[in-house]
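A.B. asks: Next come the chains, spelled out residue by residue.
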Amino acid sequence: MKVPSVSPFLRGALLVLFLVLPLSAHVGSPDVYYDGHAGPYHLLVTIRPPAVIPGVAEIQIRDLSKNVGRIDILPLRMVGPGAKLAPRSDAAQRNAGDPQSFTGSLWIMARGSWKVQVNVDGPQGRAEMEVPVAAISTTSIGMKVGLGIVLVLLGLLLAAGAIGIVGAANREADLAPGEAPSPVREHRFRLSLVFGTIFIVVTLVLGGLWWSDEARADAKLAYKLPRLQAALEGGNRLRLQLDNPNQSAWKQFQSELQDPDRLRVDDLIPDHGHLLHLFLVRTPDMRSFWHLHPEQKGDGQFSIVLPAVPAGHYRLYADIVHHTGFPETQVGEIELPAIAGAAVSGDDSGVADLAESDKVSPLSDGHRMIWERDAGTLNAGTLNAKQAIWFRFRVEDRDGRSATDLEPYMGMAGHAVFMRTDGEVFAHVHPAGSVSMAAAALANGEMAGVDMSAMHHGNMPSEVSFPWGFPQTGDYRIFVQVRRAGKVETGVFAAKVSQ
Amino acid sequence: MSTFPVDRSPSNKPIPWYIWASVLAAACIVSGLYWDISWHETIGRDTFWTPAHLLIQFGAVLAGVYSSWLIFGTTFGKNTAAQSISVRVLGFRGPLGAFICAWGGAAMISSAPFDNWWHEAYGLDVKIISPPHSLLALGISAIAWGSVILILGEMNRAEGALHNRLRWLILCTGGFVVVQDMMFKLEYTNRVLMHSAVFYLAVSIWLPFVLEGIARASQWRWARTAMTGFYTVFFLLAIWIFPLFAAEPKLGPVYQHITHMVSLHFPILIVFPALALDLISPRIQQWEEWQQAAIAGLVFVAVLFAVQWPFGTFLMSPGARNRFFATQEFAYFLPSTVASVRNVFFQLEATSIHFWRNVVLALVAAILSIRMGIAWGDWMRKVKR
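Read top to bottom, the protein sequences are chains A and B. Residue 1 is where the first sequence starts when you use the numbering used here, and the numbers rise one by one after that. Residue 1 is where the second sequence starts when you use the numbering used here, and the numbers rise one by one after that.
Be aware that a few hints might be false.
Claimed, not checked - Here are the computed lysine-lysine pairs in the DSS-like style, where the Cα-Cα straight-line distance is at most 30 Å: (1) A:K66 / A:K487; (2) B:K250 / A:K386; (3) B:K78 / B:K13; (4) A:K84 / B:K13; (5) B:K13 / A:K220; (6) B:K250 / B:K185; (7) A:K220 / B:K250.
Since the hints were made in silico from the structure, they are not lab data.
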């Protein structure tokens, strides 16, 4: 979207800024939602990163265990020397009208992988947890017309004043009291007005060029959505080449070796057991949905033999995590013929013909998945953008009894994909929230890429929930995946977010 | 002298309140700037409402108040005496200095919404030198120079004791202009650059203009020494007083353990080249202006090199790491690998050709600055309105 024109002189040379959808590990969904435990304290943390870096992140913390006395928050780099050199923490303020809610703001000073340390104090002692945040500049806001007009008027006043002062200095500043300026001085006055005007115009043009230069330099630092290249080979092998458009622009230090946050495609770490999670969604009907795990064949090169995917135009979303814990979602598109592939196996999953529902999504063997939209706190009864919501889904058998045969799927009780129907918003969310589990492990001092299958053992509850918030209005599909009796099941729901 | 003075004689007239206000405005702005830089080096995080910003804003508002009073009072009042010593700008009447101060205040106020938008669009102070900050700096300079010209107008009409008292105020305000100029050059006047020619180039640009211009306008023999002495005392007091106040960083990464406000560096020894200029000034006054500028520029650069180069060596030594010279004071964001923390010089010029090119440029800059200062000072000496 082109920013409305404000003034030629303030904009200087042509300055075109684009408003783009904010990007992050997900697509169009920069906010972080994290459901975690700081020792005995159960917290739901929402982090709204700034649109530009350096900037101020807004933090909201919900005390779910209802026994928190005080919360302090602190931003830290995920890796590198800065990770251990913290400034003093800030107290999150308890909301007077809602004592379970705390808010605060933190300054994020550089692009890259960060974490917010949450220090909790309460009757059960002190405890801490860390929430990963990807800090990126995503957008250059345009200037509102009102502000533009105010600045133009002030600028004109300053320009006229400067010219007038130069003229007065030449005409009468050195005259004796009461002495009238001579014709020679009047002539000098007029000349100085002309030269003053030329000087001001040249200054403004140069200033405008400078502004444009700064805007261009800033645009280079804005995060660019990586677009992978996808190609079908031999009728059923999908080859992917990852993109790295932010590599050079993100050089923050003289030596690239010193820059811990430099983005590379050969530094990926596994996120619950896989280097890459690939989602294929057929558009526009969104009825064919696949969650696959291609294997790495080289730096940034991945490949997989596709299962029996029906023909159509597919959007591709590839989730990866860099060694710094910085997550990215690469996007792509491909036209696929009907693939004569085998059935899915292992952690791969997918359904060729899904039918979305508002509330009840049929699974295999007569089972059903129910979106409990009205249950509990932070329920999803009304769907508003920018609001933390607990999305709860229950699996029941053909007789309406809660399912007892759910199993962990890649270490998780479930996986959810939130996707706007135009494909411009995509988020892969877990019961712990929108953060990458590899980044969460790194942030909390655990070994990166730890096998998360150890997370869940034994009987799984029939309900799975995901904290997340719609970033924008629009029509969404929610794909919810759970493993039941050794088989991955996918439910799909439609959601309309109107405000 | 009349025993029944209806009006006080010019020499006994008190200094008008707006003159004091203009000096106070310059003082607030310059002190606020110093405080703000120290705040950024110590605490890091700032808002529109930090005390340092409030002090700067108070200076801008004060400038707006006295200059508006002077301009509106002269334009719409019936004081013909005031009108006879005014200039006309855009239909308004008032002293020239008041118009310059008013312009400075307006520029500073205009920069605020511009800067706020800049932060939202491009990030919080990604670069210190940005278009809105430049507008702010222009406004700040205009208030300081406007104060100088306002006082000059008064001084050039005054006689006797009042003239002398006003001259002291001009030198005081000139001192603030020098402090301001040296703060704008901080990046190039760090002690790690004292053995690089760029340091001497940075000091030689503009500063000789300020010294020569105000010295000529004030018509006092030791004006340059007084103004640079003012700067020296200001910086010395700051490096001794600021660390008395407890503070800690609020932005990370924190590379230096800091428990108190970090001051800026020990004053640059510009008082010595200024003293040299004061000493030679009466001897070269009869020369042609370009000749004066050439010899004064040469002396300025030569004396600066002669005193600052060896003093730079001393500042790198353990003997300077104490409360008096304060070379152990570092901003929280400086890693232990940087030259200043390691107490070593940074050679900005890679080759001797680069070095000598910058030496020559320093000389050229000093000569041009002094030549411009001569013209500027001669004009300011005549300002009466």
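A.B. asks: Take the hints in turn and mark each one as holding or not.
C.D. replies: These are the hints, each one checked on the structure:
no., hint, verdict
1, A:K66 / A:K487, "37 Å, violated"
2, B:K250 / A:K386, "28 Å, holds"
3, B:K78 / B:K13, "21 Å, holds"
4, A:K84 / B:K13, "64 Å, violated"
5, B:K13 / A:K220, "62 Å, violated"
6, B:K250 / B:K185, "26 Å, holds"
7, A:K220 / B:K250, "28 Å, holds"
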